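**Student:** As a plain string of letters, each chain reads:
Number of protein chains: 2
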Amino acid sequence: MESDAVTIMDTLGRQARGAAKAMRMADTKAKNAALILAAAVIRRESREIIAANTLDMKAADENGLDAAMKDRLLLNGDRIEAMAEGLEQIAGLPDPVGAIDNLRFRPSGIQVGHMRVPLGVIGIIYESRPNVTADAAGLCLKSGNAAILRGGSEAIHSNRAVAGCLRRALVDSGLPQNAVQLVDSTDRALVGALLKAEQYVDVIIPRGGKSLIERVAAESRVPVIKHLDGICHVYIDASAKAGMALNIAVNAKTHRYGVCNAMETLLIHQDVKGDVVCAIIQAMLDKGVEVRGCDRTRERCEGLDVKVATDEDWATEYLSPVLSVRIVDDLDAAVDHIAQYSSGHTESIVTESYEAGQRFLREVDSSSVMWNASTRFADGFEYGLGAEIGISTDRLHVRGPVGLEGLTTQKWIVLGTGQVRV
Amino acid sequence: MESDAVTIMDTLGRQARGAAKAMRMADTKAKNAALILAAAVIRRESREIIAANTLDMKAADENGLDAAMKDRLLLNGDRIEAMAEGLEQIAGLPDPVGAIDNLRFRPSGIQVGHMRVPLGVIGIIYESRPNVTADAAGLCLKSGNAAILRGGSEAIHSNRAVAGCLRRALVDSGLPQNAVQLVDSTDRALVGALLKAEQYVDVIIPRGGKSLIERVAAESRVPVIKHLDGICHVYIDASAKAGMALNIAVNAKTHRYGVCNAMETLLIHQDVKGDVVCAIIQAMLDKGVEVRGCDRTRERCEGLDVKVATDEDWATEYLSPVLSVRIVDDLDAAVDHIAQYSSGHTESIVTESYEAGQRFLREVDSSSVMWNASTRFADGFEYGLGAEIGISTDRLHVRGPVGLEGLTTQKWIVLGTGQVRV
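From first to last, the protein sequence lines stand for chains P and W.
Going by the working numbering, the first residue of the first sequence is number 116, and it counts up by one from there.
Going by the working numbering, the first residue of the second sequence is number 116, and it counts up by one from there.
One or more of the hints may lead you astray.
Put simply, identical chains are the same to the list, so a pair is met inside one copy or across any two.
[As the list claims (entries may be wrong)] In silico EDC-like links for lysine to aspartate or glutamate, alpha-carbon gap of 20 Å or less:
(1) K311 / E334
(2) K136 / D181
(3) K173 / E417
(4) K136 / E432
(5) K311 / E329
(6) K325 / E313
(7) K402 / D142
(8) K422 / D216
(9) K341 / E313
FYI, nobody ran anything at the bench for these hints, they're computed from the structure.
Note that the structure is a prediction, hence the values are computed from the model and not measured.
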């Protein structure tokens, strides 16, 4: 019932607001203690967590979930240990809350600066992977926020067990247990109620497949930090070193296939020599990648098994061993192709030309723009954030990998000695 | 017709996107030249602008607009000169675009940093004041964005004249004239179409009365940077210096009444001496301010004309010579009152206590939190932003006074020498 959902969300929301007030003022020591204790509780209760997960896995069998989904759903000893270690790593990160920036005197005599503060209440909507329960809650906790977690119904028992560990650790550390709340119901109306709980929730972060994220973006009245697509490009410029181009292209495509920062389209300047183009394509084929090329690509590498790329290919996030390849006239054409087809996630140029590299950095408008590096580096750990709650392809507030700082905002602080406006 | 509105917005949106691409890459020199030329064109065409404004003023008379609205609508020589000077000031501000922050090496060998980039297309929806056309367009231009301006229908002739000056200056400076577009129609359906133009517009900034901003917030599918209310508080702590408390309170309330950073409620610690409380209230009365107090306030200052404050008063943005006063038990009660009734704009504590001041800075969650300074300082110029497009009471992206930087975002840049993920 929709009205029930609103009532439930009202309770969760009020509790979250109350907890957020305490979390906002919680000191670093208490937050770190809660994270370290949560890791210990998760290790201690690993048998109970696995038992809960077994219920979800059984239901997954009964409901005919596919192998990939079941793999995401599964918790075992290693994965539980990874959750615990993740929480300990978050405890080790610097606390962003309360940091004061740029405090400077103004001609009026007042000092003006910025203080970093938590966002407040963060709603996380996610699918399948129960480890998100620990990861997301841990990041929200460290950044002084309260979290309302809505996991997939297929993982309800696992999520309940993990969230329970976190809540116990909060209480035992003197922090409000409602800083982590799980929407403990599989009623889909609750997602709608969460998306409309503007008075209680400051931001929604959806994590999951495209259809989930599109639904959240379309329905939400709360601001959303989202990551829609990862159609990432590598552009090999005329002046690229052949070996570097090959290494970066192969790494960007084949290091992992199902990730958002994998290359989906390779753009190549028309002046790149035919044998370099064919060596790259051959390397892809050797790795078992299906290559779909434009006419020019297929002409250049006639002897190789290059399928025909259609317009649809340029707009497709394969997330699998498929690559589209296009030969372009010049840097402008590469930038235009990216502007038209990229999802704004990550693009990389391979070039020895200062001018081409500088232009690419300026002119490509994606959350990460790289020069002579693999797109696979677009990641919170690789960027030094310590951990990430997701990657934003939005423009406002935060772009690219979102770490603790992305879960905070700033307020202005003014220190005076009695100044008034004249 | 709604479908007409969508068609018109589609054209404006496409044109804005095209212009935004050029503006994103425009160099500082060209943008400054356009701003300075726009100021010159506005001065040169001041007679034509006043003639256009006269048409709006006539219509305002015919439509029975009130005196305050007509004052906001009026353009005269001084106001036109102020518009021109405003544009010249924006030309003198540092260009935020392209600035690179925090570029540092990671263990993998890549260098990671942030580059500041324009938001893209900014929709400004505003009322009455035609000077917003020049101010908002100037800030969008300098920050490398394209602007779609939708002014009030009562100012259509004035806005058309001012926008025309800006567009001519853009063309003569080699920049796209569609970087500044006015929605040249009074059809209200166009506001709805603008709010739904997600594919063309990156952010909407409404400027005007509360009903306009509420409508925009409720209807918009585009992210909104908004300023809803300014229910600002001054809290006089037990240890405040009496003279400073009086000066700050009087300045915060009476320096200007109709502004969002004026104090609306004065909170006073119960230990502040009765004669100090009464001196402050007397000073307010002397300035013609109506004072509405809680029971304790009225008891303390029995001889003074203090009206009864109701719960509604605590939640009211007067924007006029009315002040509510409440005596509170302690700092906690002050913080709680603020948490309940403040609009999250600006609050100030007056205290000599280090502990009380530090706690207030941490515990009050408003866009500006002050210590021994008048709330009237919450302003882009006073904070050193040079100019402001508004004040945000939202939490995400930007809080408090919004200057050029608030009209930009950041992307990650990665500089490598061929690194790949291992």
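**Student:** Indicate, hint by hint, whether the structure satisfies it.
**Tutor:** Now for the hints, and whether the structure bears them out:
| no. | hint | result |
| --- | --- | --- |
| 1 | K311 / E334 | both (8 Å within a copy, 13 Å between copies) |
| 2 | K136 / D181 | neither (42 Å within a copy, 44 Å between copies) |
| 3 | K173 / E417 | neither (50 Å within a copy, 74 Å between copies) |
| 4 | K136 / E432 | neither (41 Å within a copy, 24 Å between copies) |
| 5 | K311 / E329 | both (15 Å within a copy, 16 Å between copies) |
| 6 | K325 / E313 | between (23 Å within a copy, 18 Å between copies) |
| 7 | K402 / D142 | neither (50 Å within a copy, 44 Å between copies) |
| 8 | K422 / D216 | neither (54 Å within a copy, 43 Å between copies) |
| 9 | K341 / E313 | both (17 Å within a copy, 15 Å between copies) |
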